[in-house]
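Sequence lines, in order, name chains A and B. For reference, each letter of the first sequence is one residue, going 0 to 403 in numbering that gives the first Met the number 0. For reference, each letter of the second sequence is one residue, going 0 to 354 in numbering that gives the first Met the number 0.
No lab work stands behind these hints, which were simulated from the structure alone. Here the structure is a predicted model, which is why all the values come from computation and not from measurement. Cβ atoms here follow ideal geometry from the backbone N, Cα and C, with glycine treated the same way. Careful, some of the hints might be misleading.
Under the rule of at most 27 angstroms between Cα atoms (straight-line distance), these lysine-lysine pairs were calculated in the DSS-like manner [as the list claims (entries may be wrong)]:
#, chain 1, residue 1, chain 2, residue 2
1, A, LYS83, B, LYS289
2, A, LYS37, B, LYS92
3, A, LYS58, B, LYS183
Listed next, the stretches of chain A that the computed footprint assigns to chain B, with coverage defined by at least 3 CB atoms under 8 angstroms from CB atoms of chain B [said to hold, decoys possible]:
#, region
4, 38-44
5, 131-144
6, 187-200
7, 314-325
8, 373-379
Examples of chain A residues toward chain B, derived with CB under 7 angstroms [unchecked claim]:
#, residue
9, GLY32
10, GLU34
11, ILE47
12, ASN68
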Amino acid sequence: MTDELTIPPAVSMTDASADTSSTQYPVEFKGSGAEFFKIWIVNVLLTIVTLSIYAPWAKVRTKRYFYGNTVVDNSSFEYHATGKQIFLGRLIAVVALIAVSLAGIIHPYATFVAYGLIFLLIPWVIWRSLKFNARMSSYRNVRFGFSGTASRIYFIILLLPILILVVGGSLIFGAKTLLPSVFVTIPFLFTIGGILLYSIFHQLLAYYSHNFHRYGTAKFAAPLAKKAFFWIYLKTYLMFFVLIGVLIGIAVFVHSFLGINLDSLFDDPESLEAMLQTPIATASLVAAYALLFLVGAIITAYWRSRIRNYRYNLTSIGGRVNLHSTVKMMPLWWLSVSNFLLLVITIGFAYPWIKVRIARFFARNTTISSNGPLDKFAADEQDKVTSIGSELGDAFDLDLDIGI
Amino acid sequence: MRIDGYFYEVGSSTRTDAHLNCIDEMYQLFNNDGELLRSGSLHDLTVSDRVGDIARKIYWQDDSLFESTHNNEIDQLLKQTKHKGETIGILHKLEKSTQLVVLGVVATVVFSALFFVYGLPAAATFVANKMPVRSAEVISDGAMDSMDRFFFKETSLSVDEQAKWQAQFDSVIARIPHEGFTFKLHFRNMRGLPNAMALPGGDIIVTDAFINLVEHPGEFDAVLLHEVGHVVERHGLTQAAQASAMTVILAMAVGDASGIGELIVSVPVFLMQSNYSRKAESSADEYSFKHLADLGIDPKHFATIILKLTEETLEDVDNDEGGDDKEVNNYLSSHPGGKSRAKRALELSKEFNGE
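Given the sequences, and given the hints that come with them, work out the whole structure.
This is the structure in structure tokens:
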């Protein structure tokens with residue numbers, strides 16, 4: 000009995016101190032749909048009037064609204080890019096695209112070469128965008144940064160897929176020609192292989208994003224594991240099958256209930272054709288789409304919530320701040336579905352409310368814990384220097400959450 | 000005037016509770032223990048533009064920062080001192096104006112409607128017309144392969160019969176402008192349904208059941224020319240360009256907001272793709288009528304075959320008042336009802352026969 004009560008003093012000490020010194024900071028989103036609606040509609044109006052030249056400035060205003068309304072421990076985030084910077088970045092992109100479309104004038108093959116070059120530039124643009132977006136964001140007067148290398152993103156999104164296509168393609172082709180009898184029995188293995196490869200691809204991207212961002216000089220770190228991604232993908236895939244099975248079950252049941260013989264319909268095209276003209280067919284088609292949509296949204300919500308929680312819960316900054324995400328599947332599902340319905344009913348005018356709802360939802364499901372106050376994070380001198388230089392081609396502003 | 004907020008020295012996230020005391024154009028920055036941190040002219044400070052009610056950021060030249068949520072006081076201060084940051088406040092004033100918001104809504108609706116009704120089709124036509132015939136052929140080859148796999152079975156027409164229609168096909172094609180396309184005839188069986196269709200690269204597919212419906216070579220020619228019309232007027236390519244643009248636009252608009260865009264976007268796009276638009280159909284009809292007349296074939300054959308395809312009769316045409324075809328439910332069928340089309344053909348037939 001006494002043994003059980005004897006706790007090693009060192010252990011209990013560290014446990015207790017960890018509990019008391021770790022402070023939880025909820026992430027708050029303070030914006031409102033009505034307020035953002037006005038900002039949005041003025042943006043849209045000015046963008047239309049200026050034939051979209053205003054778009055970069057509209058984007059800056061929107062981003063500033065969302066950053067500025069995201070508040071942790073009473074301090075807000077800030078987005079620093081200027082409309083002019085983004086305008087120049089986009090101008091370069093537009094000029095490049097025009098050049099590509101005119102390349103065919105020189106020589107028919109010049110078009111191919113030009114598209115090839117654009118293709119090769121995509122990873123570079125993504126990389127510049129990651130750096131730009133990080134550097135243009137700050138919290139408590141300390142800028143974020145991104146120090147991932149270009150070669151790594153080239154490897155992940157260009158070299159690796161090509162390698163997989165070549166190796167996988169020749170394996171499949173080889174199996175098909177050498178072992179045709181075995182080949183037909185193993186589509187299952189190919190499915191698993193596909194899930195495996197895609198989950199690895201996703202893990203590599205997420206790892207790249209979560210381990211090379213910085214807050215000032217403090218590095219983000221997240222030991223994301225390929226195995227965990229694979230499990231999430233596998234479960235998502237199984238869920239997809241189960242739910243589709245349930246849907247088919249419902250369809251068969253409803254049709255037998257209505258006295259429609261599905262087999263005879265597909266055997267006899269005449270009656271299928273006639274059937275398609277009836278209101279019941281229209282109704283059941285609409286119902287099928289609606290169900291498919293709802294089920295698709297469940298699967299997406301499952302996948303998104305699990306990936307996000309996994310990513311965030313493993314992420315720490317500078318070894319003393321940890322992120323926490325508590326997104327649940329069904330609330331996320333409802334957010335997607337209700338947002339979609341709002342958009343359709345209002346023919347798109349609910350867009351600003353939806354953006355605010357999304358921001359509020361994810362903020363509410365995110366917490367930051369820290370050992371001690373959020374003080375004393377040091378800015379990186381380099382971020383300051385490069386943020387002033389708006390050299391040409393610096394401001395690529397693709398918005399991508401490559402880790403989703 | 001006193002404005003409360005937080006002060007951050009350059010280079011660190013360390014936060015100090017502080018307040019600005021402003022008299023005319025001069026400021027003094029105190030921490031909340033009453034210690035003077037900085038002082039100077041307000042004109043040396045940069046103030047971030049107001050957006051909604053987000054905290055304002057006031058920067059010193061050395062990148063130190065004062066953050067405050069007291070927007071109204073700061074606006075008042077900027078106005079009183081005629082600070083350079085004040086002019087940019089115009090956007091915030093626009094955003095507060097009800098008239099402008101209403102104008103924005105109206106303008107957006109009008110603009111979007113114009114874009115979808117005129118802009119997008121015009122752009123799609125432009126792109127389709129610029130597309131080289133070779134690209135159309137590549138698209139067609141792919142489409143032919145997958146249709147062979149999923150929809151078609153091999154034809155059961157005899158070799159002689161195939162040769163007969165091939166000769167008929169060749170004689171018509173030889174007498175019309177090609178516009179750079181190479182036309183090919185394919186015989187297929189499609190679950191016993193009568194149908195004829197064209198792929199954008201110039202492949203024209205006729206089903207066995209369709210051939211069996213044809214009682215006069217002129218009927219074959221009429222449908223053939225209709226399909227050629229689709230090809231040379233590039234309806235398929237236009238439709239494809241429009242569908243891809245729609246997919247991208249809708250996915251951007253809906254997907255961004257709900258995260259489930261791809262799924263729902265495919266439905267309207269599918270509906271668009273599964274049928275040529277009414278306009279494209281009647282345009283192809285007109286192409287057929289014109290070339291039938293040029294080749295000396297009576298357009299009445301168009302009327303007879305179209306009615307056989309839609310299982311209607313000439314009596315239906317006579318009884319029909321409004322040309323209200325059974326097209327409402329026809330999004331899933333490749334040929335819309337044919338009464339009004341037959342009517343038009345019969346009118347032209349009268350002209351053709353000099354009546």
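Quick rundown of the hints versus the structure:
For the given pair, A:LYS83 sits about 55 angstroms from B:LYS289 by alpha-carbon distance, which is inconsistent with the 27 angstroms threshold. Distance hint between A:LYS37 and B:LYS92 is fulfilled; the C-alpha atoms sit about 11 angstroms from each other, no more than 27 angstroms. Proposed proximity of A:LYS58 and B:LYS183 is contradicted: the alpha carbons are some 51 angstroms apart, above 27 angstroms. Residues of the region 38-44 of chain A with a Cβ under 8 angstroms from some Cβ of chain B number 5, which satisfies the need for three, so the listed coverage holds.
Coverage of the region 131-144 of chain A by chain B holds [criterion: at least 3 residues with CB-CB distance below 8 angstroms; count 4]. With 0 residues bearing a CB less than 8 angstroms from a CB of chain B, the region 187-200 of chain A misses the requirement of three and the coverage assertion fails. Proximity of the region 314-325 of chain A to chain B, defined as three or more residues with a beta carbon under 8 angstroms from a beta carbon of that chain, is not established by the 0 residues found. Counting residues of the region 373-379 of chain A whose C-beta lies closer than 8 angstroms to any C-beta of chain B gives 6; at least three are required, and the coverage claim holds.
The criterion of a C-beta within 7 angstroms of any C-beta in chain B is not met by A:GLY32, whose closest approach is roughly 11 angstroms, and the hint is violated. At its closest, the beta carbon of A:GLU34 sits 5 angstroms from a beta carbon of chain B; the interface hint therefore holds under the 7 angstroms criterion. For A:ILE47, the suggested interface contact is upheld, since its CB lies about 5 angstroms from the closest CB of chain B, less than 7 angstroms. For A:ASN68, the suggested interface contact is upheld, since its CB lies about 6 angstroms from the closest CB of chain B, less than 7 angstroms.
This entry does not satisfy hints 1, 3, 6, 7, 9, going by the numbered hints stated previously.
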